[in-house]
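Asker: These protein sequence lines are chains A and B, in that order.
When we follow this note's numbering, the leftmost residue of the first sequence carries the number 1, and every step to the right adds one.
When we follow this note's numbering, the leftmost residue of the second sequence carries the number 1, and every step to the right adds one.
Just so you know, the hints here were simulated from the structure itself, not pulled from any lab data.
Please read all numbers here as calculations on a predicted model, not as lab measurements.
Incorrect hints may have been included.
[Unchecked claim] Now the in silico label distances, taken between C-beta atoms and shown as ranges: (1) A:Gly46 x B:Glu232: 38 to 44 Å; (2) B:Ser206 x A:Ser120: 32 to 38 Å; (3) A:Ala14 x B:Leu218: 19 to 25 Å; (4) A:Thr78 x B:Ala273: 45 to 51 Å; (5) B:Ala273 x A:Ser120: 27 to 33 Å; (6) A:Pro119 x B:Gln281: 43 to 49 Å; (7) B:Lys223 x A:Asp20: 33 to 39 Å; (8) B:Leu218 x A:Met76: 20 to 26 Å.
Note that the Cβ used here is the ideal one computed from N, Cα and C, for glycine as well.
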Amino acid sequence: MLLVLSEEYKEHLAFLPQVDPAVVFEFGRIAVEFLKRGINSKVYDGAARKLGFPITTVQHGVEGLMFLFTESSKLMITDIDFKDSVMVLGFSTELNEILLQLYVENQTTIRSTLTQLAPSLPSYHNLEWRLDVQVGTTSMNATQPQSVCLQNKSWGAAPCAIRLFPW
Amino acid sequence: MQRNNPIAFGSYFAIHIDYRPFEHSPLPIEGRHRLALLFCSSRSHTHTNTHTHTHTHTHTHTHTHTHTHTHQLIVHVIYSRLHSRKMELSESVQKGLQSAADPSLFDLRSFTVLTDVTFRSLLSAHADPGVLADPGLENIDRVLVKRCHAAAATCILEMVKQNADKSTISSCLEDLTFDAERIEIFWKSYQNNKEELEGVLTSIGSQLPHINDVSWRLQYHMKNGHVHKVNEPFYLLSLNVENSGLEGSAKDINFSCTVEQLQDLVGKMKDAAKSLEKATQM
C-alpha cells in the first residue's frame, strides 16, 4: 500500500536533497524525538542558523518527516512500499535508505505513541477485594453473620460488594 | 493520661440522647429509647473550655467536643446496642402492653386477634389503614386499640432485633402483668413469624451497591483514527449492580478489558473465592 503524498508535501521536503545525508539523518532523528516528546521550536532555530536556511523551511522539513513516519506507522507499511512511496519524492537512493532505516527502527515506538491518541473506553485497571462480615445493623442485631461481602474496586468505579448469603 | 482513654480525671458530664430506633418502618412507631452516656474529658486535653465548664449545659458543650469524642460516642452506642441483653421498652410501650394484658380491657379472644393483626401488619408490604378494623376488635375503644397495637409492634420488633429467646420474652411479658396463657399465644405467633420479620429487618438499612450479574461481549478492534491494523480482541464487561438502599438502582459498571486483563480479573476473583472458602471452614 503506497502513501499518497500531496504536492505541497513534496515542496516541503524539496530542500532535503540539498543538504548532507548526515543532516537528513539528524532531521529524521529530531522528527522521531518530537513525536515522542513534543515539539521544541528552539531546535529549529539552531538548525536554521547552522545550515543557513530560513526557519520555516527547516520547520516544514522536520514536520514533513514527522508526517511521513506517522502515516507509515499508522498504516503499517512494509519496507518495499515505504521505499516506493519515498521514491516519488525524487530523493537519492542513499537518502531513501536513511529514511527507511529510521522508519524500521522507530515503527513500534511511533505506533505505541499513536495508540495513546485513540479514544478509549473505561478499562479495567485493578481489582481489590476484601472479605467483610456483617455482624449487625441499626435495625437488626444478627446472632450469626447474616451475609458476607466482597468489595470490588475497579478503576473508575465506586466500591461495590458481592453479597454472599449464609451458608 | 492517654487521649483515647475516655475515663479520666477532670470534669465529666452526662448526655441524654433521644433517638427513634425504627425510622424506616412503615408503621408509626412511637417508642423512644434513651441512652445515658457518661462522657469524660481527659485531663490531657488542652482545650481551655474543659476546665471551666463543669456539670452544666451539656448541649452547648457537645459542639465543642464533637470532634474529639465523636468516635468514642459511636463506639459506646454500638457496643451497648450490640450487647444489650435486657429489653428496653419505653413507658408508653410498657403501658400499652399492660393494657393489652388486662383481661378487663381485652378478653382472650380479642387479645389473640390483636396479636395476629399486629404480626400481619408488620409483615405486609403496604401499610393498611384498615388493619385494625377486624371484627374481633369491634367492641373496644379505638384509641386503646391503636395504642396497644403500636406498643405490641414496637415490642415485637425489639424482640426480633435482639433475637430474644423464650425465657427473655416470658420474663419481659410477665413483668408487664401478662398471664401464662397470653404469653403462650404471643410466643406461638412470634415463632411462626420470626423468620420473616428477621428478613424484613435485615433488608432495612444502607448497604453498598452489590453486584448481581455480569454480561460480557467479545469485540475485535481493527483500526481507529490514529492507528490502523490494530487487530486485537477485547472484552466489554457489564456488571449488573443493584442497590437496595434508598437511592434507587445504581448504574451498571461497564468497562473494557483485554484478554490478559480479564485473566487477571478472573484470577483475583478465584483468590477471593478461595479465601472465602477457607474462612467458612474455620
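Asker: Next step is simple, just say for each hint if it's right about the structure.
Answerer: Against the structure, the hints:
1. A:Gly46 x B:Glu232: 38 to 44 Å: Holds: the Cβ-Cβ distance is about 41 Å, inside 38 to 44 Å.
2. B:Ser206 x A:Ser120: 32 to 38 Å: 34 Å, holds
3. A:Ala14 x B:Leu218: 19 to 25 Å: The hint (19 to 25 Å, Cβ to Cβ) is violated, given that A:Ala14 and B:Leu218 are roughly 49 Å apart.
4. A:Thr78 x B:Ala273: 45 to 51 Å: Holds, since A:Thr78 and B:Ala273 (Cβ atoms, about 48 Å apart) stay within the stated range.
5. B:Ala273 x A:Ser120: 27 to 33 Å: Distance hint for B:Ala273, A:Ser120 holds at roughly 30 Å.
6. A:Pro119 x B:Gln281: 43 to 49 Å: 47 Å, holds
7. B:Lys223 x A:Asp20: 33 to 39 Å: Given range 33 to 39 Å: holds, Cβ gap about 38 Å.
8. B:Leu218 x A:Met76: 20 to 26 Å: Hint holds: Cβ distance 23 Å, inside 20 to 26 Å.
In terms of the numbered hints stated before, the structure departs from hint 3 and from no other.
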